[in-house]
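Novice: Chains as they are written, first to last, in the working numbering: chain A, 1 to 224; chain B, 1 to 118.
Keep in mind the hints are simulated off the structure, nothing from the lab.
Don't take each hint at face value.
Unchecked claim - Straight-line C-alpha distance at most 30 Å; calculated DSSO-like pairs for lysine-lysine: (1) B:K6 <-> A:K120; (2) B:K6 <-> B:K109; (3) A:K120 <-> A:K162; (4) A:K162 <-> A:K128; (5) A:K120 <-> B:K25; (6) B:K78 <-> A:K162; (7) B:K78 <-> B:K61; (8) B:K109 <-> A:K162; (9) A:K207 <-> A:K162; (10) B:K109 <-> A:K23; (11) B:K25 <-> B:K54; (12) B:K109 <-> A:K18; (13) A:K162 <-> B:K54; (14) A:K160 <-> B:K6; (15) A:K160 <-> B:K25; (16) A:K160 <-> A:K207; (17) B:K109 <-> A:K160; (18) A:K23 <-> A:K162; (19) A:K207 <-> A:K128; (20) A:K120 <-> A:K160; (21) A:K219 <-> A:K162; (22) B:K6 <-> B:K25; (23) A:K18 <-> A:K219; (24) A:K23 <-> A:K219; (25) A:K18 <-> A:K160; (26) B:K109 <-> A:K219; (27) A:K219 <-> A:K207; (28) B:K25 <-> B:K109.
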Amino acid sequence: MDIRVRDLWKVFETRGGKVEALKGIEIDIPGGETLAIVGVSGSGKSTLLHILGTLERPSDGQVHYGETDVFRQNETELAAFRNREIGFVFQFHYLLPEFNALENVMMPCLINGIAMEQAKDMALQVLKRVGLDHRLEHRPGELSGGEQQRVAIARAVVLKPKVILADEPTGNLDLDTGGSILDLVLMLNDEYGISSVMVTHNMDIAKRLQRRIRLSDGKIVDAN
Amino acid sequence: MVVMEKGRDIAILRAMGATREGILKIFVIDGMIIGVVGTLLGSLSGYGICYMLKTSETIRKLIPFDNNVYPISEFPVKIEPFYFLTVAVCSLLICFIATLYPSFQASRKDPIEALRYE
Numbered sequence: 001m002d003i004r005v006r007d008l009w010k011v012f013e014t015r016g017g018k019v020e021a022l023k024g025i026e027i028d029i030p031g032g033e034t035l036a037i038v039g040v041s042g043s044g045k046s047t048l049l050h051i052l053g054t055l056e057r058p059s060d061g062q063v064h065y066g067e068t069d070v071f072r073q074n075e076t077e078l079a080a081f082r083n084r085e086i087g088f089v090f091q092f093h094y095l096l097p098e099f100n101a102l103e104n105v106m107m108p109c110l111i112n113g114i115a116m117e118q119a120k121d122m123a124l125q126v127l128k129r130v131g132l133d134h135r136l137e138h139r140p141g142e143l144s145g146g147e148q149q150r151v152a153i154a155r156a157v158v159l160k161p162k163v164i165l166a167d168e169p170t171g172n173l174d175l176d177t178g179g180s181i182l183d184l185v186l187m188l189n190d191e192y193g194i195s196s197v198m199v200t201h202n203m204d205i206a207k208r209l210q211r212r213i214r215l216s217d218g219k220i221v222d223a224n
Numbered sequence: 001m002v003v004m005e006k007g008r009d010i011a012i013l014r015a016m017g018a019t020r021e022g023i024l025k026i027f028v029i030d031g032m033i034i035g036v037v038g039t040l041l042g043s044l045s046g047y048g049i050c051y052m053l054k055t056s057e058t059i060r061k062l063i064p065f066d067n068n069v070y071p072i073s074e075f076p077v078k079i080e081p082f083y084f085l086t087v088a089v090c091s092l093l094i095c096f097i098a099t100l101y102p103s104f105q106a107s108r109k110d111p112i113e114a115l116r117y118e
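Based on the provided sequences and hints, a complete structural model is requested.
Specialist: What follows is the structure, given as C-alpha cells:
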C-alpha cells in the first residue's frame, strides 16, 4: 500500500508561542519501500513518524494510505486502522512488563478481537521467525536488550501490517545487536512486503535502506 | 496510583490500536477485580470474627465490658445475611464509583506525551 503525505504541517502551541515542527512536508512511500528519516534532534523526525502512525493529528495537510485519507476518520476508526495497518517499534522495547514474550506479541491480535487460541498461534509463528521460540515464557526483564527488541518487532508485525514505523530501533543497542535488529527488519520487509519507515541518527543504518530523507527545521532538505 | 504508573503502557496499547473505551474498560475491570477480592476477603473475615465471638465465650471475655457503664456484660453478636449482603453491595458500588474517574483519566492520556517523556 502506497503512503502519500501532502503539505503536512504541525504547529504546537507553547507558553513561548507557536512552534512549527513540520512545515509543508510532502513524501511518497511506495508499498514495500524502506525509508530512513534522518536529521538532528528537534528537526521534526519523531513528530512526522507519530503523524504517519496516526498517534497525532497534523495541524494541516493529508496523509493517504492507499486511497484512505486517514485523518478523515474518527478516533475509534483511527485506532482500528492503526491496529490493522501499522506496526510500531520504538527505541526502548516498551513491552508490557507483566506479560511474557508470547503474551506481548499476542496483544495486537487480542485488541483486534482475534480469538485467544488463534492469537497464540499467530504470535508463536512470528516469534519463531525472529528466533525466539525458546523464550516464549520469559518476561521482558528476563530477556537481553536485543531479545526485547526482537519481541517488540514480532509484536509490530504479528498482524502483517502495511508499514513498520521505527523510531531509533537500534539506538539503545550495541553495534552488533543493532545490526542484527536492522537485518531482521529488512528480512521481514522483504518476506512480508511491509514498508518500513525508520527514524535514525545513524547514517550507516540509513544507508542500508532504499531511500533517505533529511529533515531540518521541519522541512525536507535532502532526499535521495 | 495505577493510572499514574501505567502511562507508558497505556501509550503502547494505544499505539497497538486500543481505543479510549478499551483503556477505560481495562482500568474499570482492574479496579473491580481489586474491589471484588477485597469485598470477599472483608466479608469472610467479618463472618469469621462474628462467628468466633458468637460461639466462643473465651473470645467474648477478651472484650471486657464495664457493668457500671454498659447495661450488657458481653459483646452481642447476631449474624444477619441481609447485612452482609448490603455491606458487600455497598462496598462494590463504592469501588465502581471510585474506579470511574481514574479510568476516565487513563483513557484520556495522550500517548505521545508518554512516549516522549517516559
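Novice: Now look at each hint and say whether the structure bears it out.
Specialist: Quick rundown of the hints versus the structure:
no. : hint              : in the structure
1   : B:K6 <-> A:K120   : holds, 25 Å
2   : B:K6 <-> B:K109   : holds, 10 Å
3   : A:K120 <-> A:K162 : holds, 21 Å
4   : A:K162 <-> A:K128 : holds, 21 Å
5   : A:K120 <-> B:K25  : holds, 23 Å
6   : B:K78 <-> A:K162  : violated, 67 Å
7   : B:K78 <-> B:K61   : holds, 17 Å
8   : B:K109 <-> A:K162 : holds, 27 Å
9   : A:K207 <-> A:K162 : holds, 22 Å
10  : B:K109 <-> A:K23  : holds, 26 Å
11  : B:K25 <-> B:K54   : violated, 42 Å
12  : B:K109 <-> A:K18  : holds, 22 Å
13  : A:K162 <-> B:K54  : violated, 68 Å
14  : A:K160 <-> B:K6   : holds, 27 Å
15  : A:K160 <-> B:K25  : holds, 27 Å
16  : A:K160 <-> A:K207 : holds, 25 Å
17  : B:K109 <-> A:K160 : holds, 27 Å
18  : A:K23 <-> A:K162  : holds, 26 Å
19  : A:K207 <-> A:K128 : holds, 28 Å
20  : A:K120 <-> A:K160 : holds, 15 Å
21  : A:K219 <-> A:K162 : holds, 25 Å
22  : B:K6 <-> B:K25    : holds, 15 Å
23  : A:K18 <-> A:K219  : holds, 16 Å
24  : A:K23 <-> A:K219  : holds, 6 Å
25  : A:K18 <-> A:K160  : violated, 38 Å
26  : B:K109 <-> A:K219 : holds, 29 Å
27  : A:K219 <-> A:K207 : holds, 20 Å
28  : B:K25 <-> B:K109  : holds, 14 Å
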